[in-house]
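Peer 1: The primary structure of each chain is shown beneath.
4 protein chains.
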Amino acid sequence: MKLGIIGLGRMGANIARRLMDAGHECVVFDANADTVATLGDDGAQTAASLDELVEALPAPRAIWLMLPAGDVTEQTVETLKGKLSSDDVLIDGGNANFKDDVRRAESLQEAGIHYIDVGVSGGVWGRERGYCLMIGGEQNVVDRLDPIFETLAPGVGDIDKTPRRETRDPRVEQGYMYCGPNGSGHFVKMVHNGIEYGMMQAFAEGFDILKSRGKEELPDNMRYDLELADIAELWRRGSVISSWLLDLTSIALAEDNDLEQYTGKVNDSGEGRWTIEAAIEEAVPANVLSAALFTRFRSRSDNTYGEKLLSAMRKQFGGHVETPPDASSK
Amino acid sequence: MKLGIIGLGRMGANIARRLMDAGHECVVFDANADTVATLGDDGAQTAASLDELVEALPAPRAIWLMLPAGDVTEQTVETLKGKLSSDDVLIDGGNANFKDDVRRAESLQEAGIHYIDVGVSGGVWGRERGYCLMIGGEQNVVDRLDPIFETLAPGVGDIDKTPRRETRDPRVEQGYMYCGPNGSGHFVKMVHNGIEYGMMQAFAEGFDILKSRGKEELPDNMRYDLELADIAELWRRGSVISSWLLDLTSIALAEDNDLEQYTGKVNDSGEGRWTIEAAIEEAVPANVLSAALFTRFRSRSDNTYGEKLLSAMRKQFGGHVETPPDASSK
Amino acid sequence: MKLGIIGLGRMGANIARRLMDAGHECVVFDANADTVATLGDDGAQTAASLDELVEALPAPRAIWLMLPAGDVTEQTVETLKGKLSSDDVLIDGGNANFKDDVRRAESLQEAGIHYIDVGVSGGVWGRERGYCLMIGGEQNVVDRLDPIFETLAPGVGDIDKTPRRETRDPRVEQGYMYCGPNGSGHFVKMVHNGIEYGMMQAFAEGFDILKSRGKEELPDNMRYDLELADIAELWRRGSVISSWLLDLTSIALAEDNDLEQYTGKVNDSGEGRWTIEAAIEEAVPANVLSAALFTRFRSRSDNTYGEKLLSAMRKQFGGHVETPPDASSK
Amino acid sequence: MKLGIIGLGRMGANIARRLMDAGHECVVFDANADTVATLGDDGAQTAASLDELVEALPAPRAIWLMLPAGDVTEQTVETLKGKLSSDDVLIDGGNANFKDDVRRAESLQEAGIHYIDVGVSGGVWGRERGYCLMIGGEQNVVDRLDPIFETLAPGVGDIDKTPRRETRDPRVEQGYMYCGPNGSGHFVKMVHNGIEYGMMQAFAEGFDILKSRGKEELPDNMRYDLELADIAELWRRGSVISSWLLDLTSIALAEDNDLEQYTGKVNDSGEGRWTIEAAIEEAVPANVLSAALFTRFRSRSDNTYGEKLLSAMRKQFGGHVETPPDASSK
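Protein chains in written order, with this note's numbering: chain B, 1 to 330; chain V, 1 to 330; chain U, 1 to 330; chain W, 1 to 330.
Hints should not be assumed to be uniformly reliable.
Any copy, or any two copies together, can satisfy a pair, since identical chains are not distinguished.
[What the hints assert, rightly or not] Once the Cα atoms are required to be at most 30 Å apart in a straight line, the calculated DSS-like pairs of lysine-lysine come out as:
no., residue 1, residue 2
1, Lys161, Lys315
2, Lys2, Lys81
3, Lys315, Lys215
4, Lys99, Lys215
5, Lys83, Lys2
It should be emphasised that the hints constitute simulated quantities derived from the structure, not laboratory data.
Build the full structure now, drawing on both the sequences and the hints.
Peer 2: Right under this line is the structure:
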């Protein structure tokens, strides 16, 4: 197939390359002319503007947006709405909020343009491992794009087969899935990231407890200096918590058991936040997923106003003056 | 009554003074001779050693320990076990773990010595407001000490009367209560402190949300610079959350809305921790009380090893390099 | 002053009565003609329609809405926008989301109509105790309505004076406060309710731990059957956690220590949810406030799908078959 | 090697079989004579009593206990202390608290008996996949038992090699690890299980949010009926959260998307609880691991006393009477 790709950051560029490797044709555009040129060297047809990109594609067109969620995506969708024709398809592979998908799909539908939302997991490993794709929109339009999705997905690989799936959609085992109407692709991806936050935080707390077992204040016969890099590696084999995140932990700890190159000031993206908002809309308890998000918030700040208020109350009712940080670090 | 008091820190000294103000006699001892002398000036009979204190009291003796929980209390109880006689009473007014009470009571019982555990709430305001007392041990021994407890308690005061309490123990309205067998006094006090942590944290989070509403990143028409000292004062009147902790918050914020004198590195005492352990023993969910405790732990440390591990995993799977603290503080 | 009041539920009717008791004139309307008639008997001027109410008020008019947040309020505001004149004031005393306030205020401003948002705390006790008022909007318009707010507020009462407030706005001590631009009144009220959820949950967990200390599985010498009604009453005196919520707990437990009349299926209103959303917008950790909300969600459902998934995973990796509820209720 | 095994439950029996398959000799005992006989049929040397088992082993003996943690293990260790000789080794492969290990090791040392604690992960899949082993005790004694550990461990398998491990202990890649002094083996296993609880709960919450997206109360264009069995399978391929727990989730959901055979009343073992206690001892925040534990507590009970107290407070301050479960289940 011939596909337009707008946004050639790490993800967009690698998606283009994986598609071209499999024989698809890509017409690419990015605000940064250098990245466009680089993709041109890799075999893509380059466009110097959105207009050029639209012209270079045969009708009905298919254009994949791989832009930062929010204003940039919004403006590009608005602009393209004026340039595309009936039955063209716009695919958003970025990290949009599913509610924006629903709104955009309804707006584009007025002009007969189709909108497909695709949640993409895979990160820097995606070009090699393939991308796990969660797809929402009109089913017949999704079917039309099947060659693209099939190429991007990881494929069956050597992962153990799950029993009793004989009568189910075989595309799922290839690593891509039609999830339902507009927004459902990004909704499923959003929850994926929410779970990711929770799993990461479970590992973070566990390794913190292991690490802190060496604290001097603990009694001699119950203090252990544990070799965390080895523990991570060990758990990859036969344990209940073996997982890709544990594989990555083992790699990182083999490099540096003390993780001294990291500040521990952890960013969060929209998906972690929207997952909590979705849980609240649905009245579903999400204690773990929210605690994972809140840990990231706290990691990025100094002592909070709220913590100072705790100190202030303690002083008022008990005359406690908090000892300085060094003295109280037990 | 004549009462021995061992441990003349802020709490012990004020307890002695409140008792003497009401006509009780106190024989006092402390490892620090100066504080003993000060209490002597205030009218107490001073003792230069545990032996002197024991000799100065008529049988059956009553001795109140007001010492740091843990080793100091443990050793003093052990020492006194060898010096006291059958039917003497040892009262621990410190912050002991209720399991230590049970063990100590059983040990002293071998020598015929009674043990009473008293949870004491009141802090620096206690001498004036009185102390709220939660008492565990043998009921007839507790009854014997009633004049002491009655004096220390706040009394009925001008607090609104709760309906339908006519047939209940009138001592409760005076501010002291016989809770049950050994350990139950400190158990009830422990849970009191657990609740205190939770309430404090509820205020801390709420005021943090108010304060952070002024953050520059928020949209202009939904950003507010709120006057927190006024909000705290306002809520004291007619709101659902009016409470002594809110009164104290209002006092602290009237002094300094920005709480700049506080580090926000918040200590925790044993009770907050033991409350969670008790909840776990009982299989009771305690999400709020544990979150309150964990916030204090986190407030005292720099970025944790666990947070660094989050950064490390993010770098591995997504190539994310966490931006430095300044840039990510949104 | 002469004030229109629309919405005569428990809150609206009592607000009208408190105003009339103080000599203000009220013109009242409600979709339910019976409640209108009842207020007429109490001295209000009644209106049979919005038009009648608008006509009965002198310009510039002041109309207080006390309606369910959401669609009813939205439609009434829209309708009144077409009936009111420049410089009239619409006051929303309901539980609106502050973002709706901002939007409504901007919309009404086009017609020169002022909008004031008032967060009202006080519940069923408000007519007697007064209402704590948090007010957002244009300051000069708020000043114009001062006689209304002053009457509704609780007044100084016999609450202890907070030191160092001499130079601050004296209205705050009366129990009403100008918080800032549109939305800020409801924002402050929203956070108040968030804190309320957290405090309630702190008490709930604490009393659960006390109650569960009587569980048969616990060792004999560390099991206590505690008198919870007495403990609640005790803590009202001299303890750190004394509060209005504790007063109410004591009243409820004096009626029935076992709370058997309650299902424990606890509803939540919008404010608790919006508080978490605000915290997320501001990147403020809110572990306690969110846990309090999630407990309410869980209280209203049977075993969740998520819990069943835990059982399913346990069966898969460990062959565990969860024992039936009766056997595992330890 | 020749090894005694006491306790032939699922784990103990499969450990014996895996050892015998590799040519080790096992002398087995269990309180249940039938299971002993079954193992005898499988090639084990059977013992009718502890004495017989001890006699059947050559000095220095090695005996593996695979018994329920707590009283049974405690008594068996005490009994064997009287029957074993200097330089014999007792290995506890059960789920003991690491503090019990420390105490037992010190007690056995008086008689010259060695004690080794082994945390064993692998569950019902262990005989086939091998067991991940975390080992604590005297290093030279652990070395002596190396042939046993090497056989039980999963081996290198076809798991991707972690870079930069060339200079590290090669046994770790085989799936067994010497962790440190007594207790450290069970400590590491305990934290493993704590992490497991957290990861499971992350999945549970995520799938709950997916499932609840079909709730009727949600707006039509933002409600999705998602195929959860397919989503679990999809995420196994190329996603960040791929893991063994996700593999098992996919298996379980392929059997029954609705999980109707499960009550969702989820048990917890000691390790999850002890992990929180360890975190508290170390002053490490563990919001996610504790929330995972508390969810299990709540899953096993009806509406709690604490929830009823919330209802009671709401009635007191707001006149709210909670609607019955059916009506409030949004």
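Peer 1: For every hint, state whether the structure bears it out.
Peer 2: A quick look at each hint next to the structure:
In the homo-oligomer, the alpha carbons of lysine 161 and lysine 315 lie at most 30 Å apart only across protomers (19 Å), although the nearest pairing inside one protomer, at 61 Å, exceeds that limit. When the C-alpha separation of lysine 2 and lysine 81 is checked against a cutoff of 30 Å, the pair qualifies only within one copy, where the shortest distance is 20 Å, while the shortest distance between copies is 53 Å. Taking the shortest Cα distances, lysine 315 and lysine 215 sit within 30 Å of each other both inside one copy (28 Å) and across copies (28 Å). In the homo-oligomer, the alpha carbons of lysine 99 and lysine 215 lie at most 30 Å apart only across protomers (17 Å), although the nearest pairing inside one protomer, at 47 Å, exceeds that limit.
Within a single copy, lysine 83 and lysine 2 get their C-alpha atoms as close as 18 Å, which meets the 30 Å cut-off; across copies the closest is 58 Å, which misses it.
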